Amino acid sequence: EAQVTQNPRYLITVTGKKLTVTCSQNMNHEYMSWYRQDPGLGLRQIYYSMNVEVTDKGDVPEGYKVSRKEKRNFPLILESPSPNQTSLYFCASSLDLGQGSPLHFGNGTRLTVT
Amino acid sequence: AQKITQTQPGMFVQEKEAVTLDCTYDTSDPSYGLFWYKQPSSGEMIFLIYQGSYDQQNATEGRYSLNFQKARKSANLVISASQLGDSAMYFCAMREPFNSGGYQKVTFGTGTKLQVIP
Chain A
1 EAQVTQNPRY
11 LITVTGKKLT
21 VTCSQNMNHE
31 YMSWYRQDPG
41 LGLRQIYYSM
51 NVEVTDKGDV
61 PEGYKVSRKE
71 KRNFPLILES
81 PSPNQTSLYF
91 CASSLDLGQG
101 SPLHFGNGTR
111 LTVT
Chain B
1001 AQKITQTQPG
1011 MFVQEKEAVT
1021 LDCTYDTSDP
1031 SYGLFWYKQP
1041 SSGEMIFLIY
1051 QGSYDQQNAT
1061 EGRYSLNFQK
1071 ARKSANLVIS
1081 ASQLGDSAMY
1091 FCAMREPFNS
1101 GGYQKVTFGT
1111 GTKLQVIP
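Chains as they are written, first to last, in our numbering: chain A, 1 to 114; chain B, 1001 to 1118.
Hints may be right or wrong, so weigh each one.
Under 10 Å between C-beta atoms, here's a sample of chain A residues computed to sit facing chain B [unchecked claim]:
#	residue
1	M27
2	Q45
3	E53
4	P61
5	E62
6	Y64
7	E79
8	R110
Just so you know, these hints were derived from the structure itself, not from any lab. From a predicted model like this one, the values you see are computed outputs, not experimental measurements. Note that the Cβ used here is the ideal one computed from N, Cα and C, for glycine as well.
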């Protein structure tokens, strides 16, 4: 089944403890992106990647890192999480960088930082 | 300025009635794509419909249609014959060029929560 898989679905951690949220897609998509969803703010783009080894900042990149060493994987790394990073995170991918290429989303990761 | 504006935080509609969810956008680029996504209470994001900036006709997908008014920079979603399963958050999004090399920038609105009343 074609899908974007994120893990874990739920994560509770403490301030400062490094964590990684994994994202993998099996559709050979070129483009991958991370979003955070907060009430009243919609989805905001954190980072995106146009292809292997090509990543760029979105609108809210502070406190996050990403890497794209393989086409299928795009992990999100929080080196030193803080409570303001408590949010619902989505990984998404699209076939290419086309104007009409829709995003396919993972099921989300709900992160709580205490 | 907001790239995507959804002014209706919440809406109610009677089952079997039609409903329009508003979306306005802001871009100086002539080429862009507009999308609507549905997020049920279970949390997943579901792609509904797409409209390209150069498309002459409004997009339709089953009970969903997109009322595209380019001069007004609006891309409203119309759901006909609402069903209880349509109760969800709905997000408008725009895909536009950024720097060079494709439509990397995908921006979402803040969403509209639709509740369908039996």
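How the hints compare with the structure:
1. M27: violated, 13 Å
2. Q45: holds, 7 Å
3. E53: Status violated, d = 14 Å.
4. P61: violated, 13 Å
5. E62: Nearest chain B Cβ about 18 Å off; hint violated.
6. Y64: Status violated, d = 17 Å.
7. E79: Nearest chain B Cβ about 24 Å off; hint violated.
8. R110: holds, 8 Å
When each numbered hint is compared with the structure, violations occur for hints 1, 3, 4, 5, 6 and 7.
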